[in-house]
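Full structure from sequences and hints, please.
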Amino acid sequence: MSAPARSPQELHDTIAGGIGESPLRPDGTLKVRGEFAYSSDLWHEDMLWGATLRSPHPHARIVRLDVSRALAQPGVHAVLTHEDVPGENVYGLKYQDTPALAADLVRYQGEPVAILAADHPEIARQALKEIVVEYDVLEPITDPERAAHDDTLPKLHAGGNLVRHQRIVKGDPAATADVVVSGVYEIGMQDQAFLGPESGLAVPAEDGGVDLYLATQWLHVDQRQTAKALGLPLEKVRLTLSGVGGAFGGREDLSMQIHSCMLALRTGRPVKMSYNRLESFFGHVHRHPAKMYYEHGATRDGKLVYVRAKMYFDGGAYASKTPVVVGNGTTLSVGPYDVPNAHIEGWGVYTNNPTCGAMRGLGAVQPTYAYESQMDKLASALDLDPAELRIRNALSEGSTVVTGQVVDFPAPVAELVQRLRDLPLPPEPAGERDIRELPGGASNTTHGEGVVRGVGYGVTIKNISYAEGLDDYSTARVRLEVLGGEAVAMVHTAAAEVGQGLVTLQQQIARTELGLTRVSVHPADTSVGDAGSSSASRQTYVTGGAVRNACRAVAEAVYARLGVPAEGMSLTGGKVVAADGAVVADLAELLGDSAIEETREFHHRKTYPLDPETGQGDAHVQYGFSAHRAVVDVDVDLGLVKVVQLDCAQDVGKAMNPDAVVAQIQGGSAQGLGLAVMEEILVRDGKVRNPSFTDYLIPTILDMPSMHIDVLERPDPHAPYGVRGVGEPPTISATPAIANAIRAATGLELPRVPIRPEHITGV
Amino acid sequence: MRVNVTVNGEHRRADNVWEGESLLYVLRERLGLPGSKNACEQGECGSCTVYLDGVPACACLVAAGQAEGREVVTVEGLASGDELDPVQESFVERGAVQCGFCTPGLLVAAHDLIERVPDPSDVEIREALAGNLCRCTGYEKILDAVRDAAAKKAVR
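Going down the list, the protein sequences come from chains A and B.
So that you can map any letter, position 101 of the first sequence is 101 in our numbering, and since no number is skipped, the others follow by simple counting.
Basically our numbering = 1-based index in the second sequence + 1000.
Calculated directly from the structure, the hints in this document are not laboratory data.
Please read these numbers as outputs of a predicted model, since none were measured by experiment.
For glycine and all other residues, C-beta sits at the position ideal for the given N, C-alpha and C.
Incorrect hints may have been included.
Over 10 Å on every C-beta distance to chain B, these chain A residues come out as not near it, computed from the model [stated by the list, open to error]:
(1) E88
(2) H120
(3) N276
(4) E589
(5) R600
(6) P757
Using C-beta positions, here's what the derived DEER-type ranges look like [said to hold, decoys possible]:
(7) A:R756 <-> B:E1115: 33 to 43 Å
(8) B:E1115 <-> A:H603: 34 to 44 Å
(9) B:H1011 <-> A:E597: 22 to 32 Å
(10) B:G1081 <-> A:D593: 51 to 61 Å
(11) A:V180 <-> B:V1123: 45 to 55 Å
(12) B:R1156 <-> A:K94: 49 to 59 Å
(13) A:T445 <-> B:R1156: 32 to 42 Å
(14) A:Q126 <-> B:E1068: 22 to 32 Å
(15) B:E1068 <-> A:E601: 51 to 61 Å
(16) B:E1068 <-> A:E206: 42 to 52 Å
(17) A:G448 <-> B:Q1042: 26 to 36 Å
(18) A:Q126 <-> B:Q1042: 16 to 26 Å
Rendered as structure tokens:
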């Protein structure tokens, strides 16, 4: 079969600009014209619409499943259950524990039980109602702390209800201190809330395989899991990235991949699946809610002596990224601070709550909220300025983190805090104020009476790239050829552009390395080697490194073709230039009809697993650091909060595209603001109460204040171009900064985010 | 049912439309205009904002039949041929487009604001765009883009 009528575009738009400049996005014009093909825009003549039947119960045994009535509906072409899964009915990112379609047991509300394909989405929706499922409803397990320790609970999986337990011991775990503060902190379940729904178009192929066009974060890991479930060899399951409408971790796990391919292979027709918003809330994993017990001990002059913590992460029904969340959560548990003694324990558990997995700031968001709350509590106990306490304990180059790993690259934590402290504060409110800028805004709930102001800091450390011994790499193919008399380069990787600007960056690197103006980006697909995931703030580092390596190999091939030593040569302005500036050859003439193409990988330096008993080990490649200062106005009568100003300082190693760096910081900060004051999936007895954009609130343009952003560039000597991952840190540090500012304004303990009006008013 | 509608200045006809279909579905799936986006399909996110007889509306909340005989302008109709509207140009130039899924709706809403209020203040921009959710940008660059587009339009 042919490719879909609307399919992913090659990005030819060439906008000058190399590394360190801010060229515009090559996909920008398509996007503003409404012509960019997102996964839900894909269309194929003769295509069917897929739909999914999901369990209404968080925990139940399937007693009977009868699809015959649904299959008899006019316009319905296939109805499939677990019995129709051609290969292995199990997948998963870390552990293989998730059925493609539930067989005998459902473990969360919304778990897929059956799928069907029909002529029209409404026929599909109606036919779902004709599928008969009888459930024997079971009591759901919903308390993660109990799930971790209570062996009398039913086992949700063969191995029990514990996904991972990790202990970290540094120095003297029983150390004592003059000043001790403790607290118990909770964080609600946040959602990635990307705008583009989960969608894909599966097209059956003549070789018995299938071509899947979709929105995802990692094509190859989807390919591996999908092929296994379909019982097909990898080369018969080909994936192409379509336009992705945001991801933030929510597209790391499979959603419609296996289902759309099963339906396409069964019907012999292209099948499109596109979730609506309600289904999207059930169809992807969320951020782990957590409960954390923290105790900090310090000397009277404000030096940290020890941190002891226990943290429970609710993984929900399937493992997904829970093992990594426990690893990140415990290894980053004391924050960007020098702490000589620590005893940390983290548990990730199975429950019958919605499955939790990757979301921006993976595993660092939860402890950062807790330890930054503790730092303010400690500052108060010591009668110290909160910024000063952080500076006194800041990690720096040469410090040893809690896992014993030495920080062998710049770590300007104190400087980040100092820079924020030096920024001017907004003027104190005086006189008549525009109500739209007050808490409650145009709702006209206050004219300033009952409004108090507070300032708070939040600082974080986040690991960049995959950790704990994974060989984390990317692949790039670069082709140099003559088109229209000019030497042009084409970059081809499988790396997912999810909005962050990776396509721009790939062009920037190729332009810089090859001294060219015209560079285009091939659509990402599985016909080139693995690029790993667009997550963990790793793509600029790892795929950037691969594109660099491939470009340099192309340059070497150019010199080899010329028969000159590579030493001292460079490519500039379409010419081969010697060290003394003399032009040695014209690239277009040299290439003629014969293109040069090279494929290279980039592997970052090795990491190592944690010791299972002590949690010691060089687990991480690199750390990112960011800090926020928030200024808030709080209406203490109504509990409404207005974030007046949110400033951020972040070290990015090297700003490859300064405008895009700032944009990532602004967007990430907005998600952190959301978690601080509004975003939570409300789950009761395992059931989601607010699966819609009416009830799950994300920040609007009225909620986000202006930001001052201070970008530091302290190159990491181990990273390509000195880069440091950018995407995640700002999301992490924004939340505690806002929570601390609300505490400063109100004097309340506020041990849970999101902070709701009733937490402030006590009603 | 058959629906006749003028879209971006062109008369269009859609046949065999099911009564429950929205204008958004007809535009996207029947008329081949996927620019208006399907993010929430319940009028909360603004991604499907189009002009309906000159007034911005969420196309997901308009039943296809309600559009009969009316005039619709979608994001695809903002540019004149190859020439982008200033608001489109500014969104690209000011980095207000990341994943871009919210962009079509924001463009129509921003276009409408500048038509009504040629030199909007920041608070006016925020109020006008409060019905358009964006998950990527943090909105600051969207503000920059709208300010910039208003300035460009004032000059032209």
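How the hints compare with the structure:
Interface exclusion of E88 of chain A from chain B stands, the closest Cβ pair being 33 Å apart, more than 10 Å. A cut-off of 10 Å between C-beta atoms contradicts the statement that H120 of chain A is not in contact with chain B; the least separation is 7 Å. Consistency note on N276 of chain A: stated as away from chain B, yet its beta-carbon is not over 10 Å from all of that chain's, at 6 Å minimum. Every beta carbon of chain B lies more than 10 Å from that of E589 of chain A, the smallest distance being close to 33 Å; the non-interface claim holds.
With a minimum CB-CB distance of about 28 Å to chain B, R600 of chain A clears the 10 Å threshold, and the non-interface call stands. For P757 of chain A, the condition that its CB be more than 10 Å from all CB atoms of chain B holds, with the nearest at approximately 19 Å. A hinted range of 33 to 43 Å for the beta carbons of R756 of chain A and E1115 of chain B is consistent with their spacing of about 39 Å. At roughly 54 Å, the beta-carbon separation of E1115 of chain B and H603 of chain A lies outside the given 34 to 44 Å, and the hint is violated.
Judged by the Cβ atoms, the range 22 to 32 Å given for H1011 of chain B and E597 of chain A is violated: they are separated by roughly 49 Å. Range check, G1081 of chain B to D593 of chain A: about 36 Å between beta-carbon atoms, so the 51 to 61 Å window is missed. Against the hinted window of 45 to 55 Å, the Cβ-Cβ separation of V180 of chain A and V1123 of chain B comes to about 47 Å, which satisfies the hint. Checked against the given bound of 49 to 59 Å, the beta carbons of R1156 of chain B and K94 of chain A, roughly 55 Å apart, stay inside it.
For T445 of chain A paired with R1156 of chain B, a C-beta distance near 41 Å keeps the hint of 32 to 42 Å intact. Between Q126 of chain A and E1068 of chain B the CB atoms are about 25 Å apart, so this pair conforms to the stated range of 22 to 32 Å. Against the hinted window of 51 to 61 Å, the Cβ-Cβ separation of E1068 of chain B and E601 of chain A comes to about 57 Å, which satisfies the hint. For E1068 of chain B and E206 of chain A, the Cβ-Cβ distance of about 43 Å falls inside the hinted range of 42 to 52 Å, so the restraint holds.
Checking the proposed 26 to 36 Å range against G448 of chain A and Q1042 of chain B shows it holds: the Cβ atoms sit about 35 Å from each other. Taken as a hint, the range 16 to 26 Å holds for the pair Q126 of chain A and Q1042 of chain B, whose Cβ atoms sit roughly 19 Å apart.
The earlier numbered hints that this structure contradicts are 2, 3, 8, 9 and 10.
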